[in-house]
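Below are the chains, spelled out letter by letter.
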Amino acid sequence: MKRWQLILAGIIFVVAVFLPLVIRTDYTLQVLFRVFLFAALGLAWNLVGGYTGQLSLGHAAYFGVGAYGLALFAKLGVNPWVALAIAVILALVSAAVIGSVSFRLRGPYFALCTIAFAEVVRLIVKNLPNVTGGDVGVQVPLLFPTSTIRSFYYAALGLTMIAFGIIIWTERSRFGYYLMAIREDEETALSVGINTPRYKLLALLISAAITAVGGALYASLFLYIVPDQVIAMEISTEIAIVAMLGGAGTALGPIVGSGILETAAELFKNIFQEAHLLIYGALVILVVLFLPEGIVGTLSRKLHFFGKAPTAPLTASPLPGAKEEAERVSAE
Amino acid sequence: MNFYALLQAVLNGILTGALYGLIAMGMALIFGVMRIVNFTHGAFLMLGMYVTYVLFQAAGMNPYVGFIGAGLFLFLFGWLTYAGLLRPIRGQADFMVILLTMGLSLVLIDAVQLIFGADYHQINIALLSKNVRLGPQISLNAPWLVSFALALLLAFALYFFVMHTMFGRAARAIAQNRYSAPLMGINVNRVQGVTFGIGAAAAGIAGGLLLPVFYLFPEVGNQFRLKSFVMVVLGGMGSIQGAALAGLVLGVVESLTSLYWGNEWALAVDFAIFILVLSLKPNGIFGSQRV
Chain Z
16 MKRWQLILAG IIFVVAVFLP LVIRTDYTLQ VLFRVFLFAA LGLAWNLVGG
66 YTGQLSLGHA AYFGVGAYGL ALFAKLGVNP WVALAIAVIL ALVSAAVIGS
116 VSFRLRGPYF ALCTIAFAEV VRLIVKNLPN VTGGDVGVQV PLLFPTSTIR
166 SFYYAALGLT MIAFGIIIWT ERSRFGYYLM AIREDEETAL SVGINTPRYK
216 LLALLISAAI TAVGGALYAS LFLYIVPDQV IAMEISTEIA IVAMLGGAGT
266 ALGPIVGSGI LETAAELFKN IFQEAHLLIY GALVILVVLF LPEGIVGTLS
316 RKLHFFGKAP TAPLTASPLP GAKEEAERVS AE
Chain D
-9 MNFYALLQAV LNGILTGALY GLIAMGMALI FGVMRIVNFT HGAFLMLGMY
41 VTYVLFQAAG MNPYVGFIGA GLFLFLFGWL TYAGLLRPIR GQADFMVILL
91 TMGLSLVLID AVQLIFGADY HQINIALLSK NVRLGPQISL NAPWLVSFAL
141 ALLLAFALYF FVMHTMFGRA ARAIAQNRYS APLMGINVNR VQGVTFGIGA
191 AAAGIAGGLL LPVFYLFPEV GNQFRLKSFV MVVLGGMGSI QGAALAGLVL
241 GVVESLTSLY WGNEWALAVD FAIFILVLSL KPNGIFGSQR V
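In the order they appear, the protein sequences are chains Z and D.
End of the first sequence sits at 347 in my numbering; the numbers just go up one at a time, nothing left out.
End of the second sequence sits at 281 in my numbering; the numbers just go up one at a time, nothing left out.
None of these hints come from the bench; they were simulated from the model.
Since the model is a prediction, treat every value here as computed from it, not as a measurement.
Glycine included, each C-beta is placed from N, C-alpha and C at the ideal position.
Careful, some of the hints might be misleading.
Restraint-style ranges between C-beta atoms, simulated for each label pair [what the hints assert, rightly or not]:
#1 T163/Z <-> E254/D: 36 to 44 Å
#2 Y110/D <-> S206/Z: 55 to 63 Å
#3 R159/D <-> I177/Z: 53 to 61 Å
Please work from the sequences and hints to get the whole structure.
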């Protein structure tokens, strides 16, 4: 984490806290709610996808479990906040199950397996109308006594701050170094004694918990949910794209990515109307083609290039014996 | 549940399964030779349906001829997709390829929706109302039967092409080792471009053959996005004969699931099988020979 990223994040958070004082329309606040909601989700995804290198495309499963957990337990008469806690526990359980199977797979198989799990969750919710309401949907209770969008905005902002805090802590902790070691080379990480299955699962559990809270917030704002809306593959990809656009494996990335993607998506909806998905798809293609490291990732590299040279060599240490060999050659 | 209902379900499953097999062979070819997880495969199928539909509406061309046009169009489209979008990012993580093909899929579906609208269409040909009766209890829908026969024929043609021509041999060489294939004088870019085109054409042709028996709408291909990969995994990564067989198996499994548990569980069973195969036998069930 470079200092400029931390400062920028600080500025964004301070501005965000005071923003509702200036903004009067509910519509703008709703867009901003979405920005911070997906910033939090992107940060949560980043812990598994960006730092650990396990590129999940099934986070809609935890999002949906959070949303449906809140709705269904509240329907049984449980206090909404207790229902939220139960929903998070359910998301942790499903993450443990999904992780234990999918973490054994690598590359595209991991991503495909996470999609398949999310689809299975969606189809189960869809096909059990007696329990979940099925395609008809289910009502979600309000988490806040006042129904204003402002409380939801602050809740999403708070979730983003918590997720950001976790990422910052992770980046500096032994845990975070373990995760990054797994991303760079899992076999090597295993061979130096890192319990890779345990740390991958731990990263996923944290990620799933935040995602479930996000799903519950989203559902509570809309008051009514159907499976195709909250457990959709589109949610999974949107979370991943937010993080990739901003920069996978950077703390600031998902916040920047969400700010750009969510406002752009909203603008596209208003300007291009029916063509907004076309523009959105084209944007995804352009990011993959031209910004594979994301905005913050690319910027960070550029700034690094023009910044002060580091005292320690950036490149990998020379092969053992290479130094002696060089000295021997120069002595001759 | 009597015996005839079971037999009918199995036969219907086999008819669907041949078309699934053709779709899966295209996907297996693309995945086997290039390691590309193609999330545009469903959109390719949808394009094939629309091309056949346009040929039928504008030129009065029977869909059982029109599918050839769909195949040619998708071959070109696939080749261009590979050359313009996928070749530049070769060597990047698989995940980026998945994102890119997902983005392309969105673009294609929305473009078709802008041009043709979101309405459902169905074509009307004389064959649709005909049934072939096999005994007192069993009857097979004639257009399904024709689609089945053509899909089977094309699947065998594709198999022959990959296994017994110089081009197929070059493609299989790249699948075996993409670094030594160019050392043997194989033009990797050209072979991969053509392979992607053929894979897309297989999806397009399957779309053309599905047109007489399916509703047509822009998102019709979405159900095949993940399903075609389920078949590729089931058949053994990149094995085209395995994928074809997996298509038949999946067709029958879906048909039986619909019979006993209801139509809505068919897709869930597909994905459950997918997860089970990935976690228990990642090399697939049929054969281990790669494309």
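For this session: Kindly indicate which numbered hints from before are broken by the structure, ordering the numbers from low to high.
Result: none
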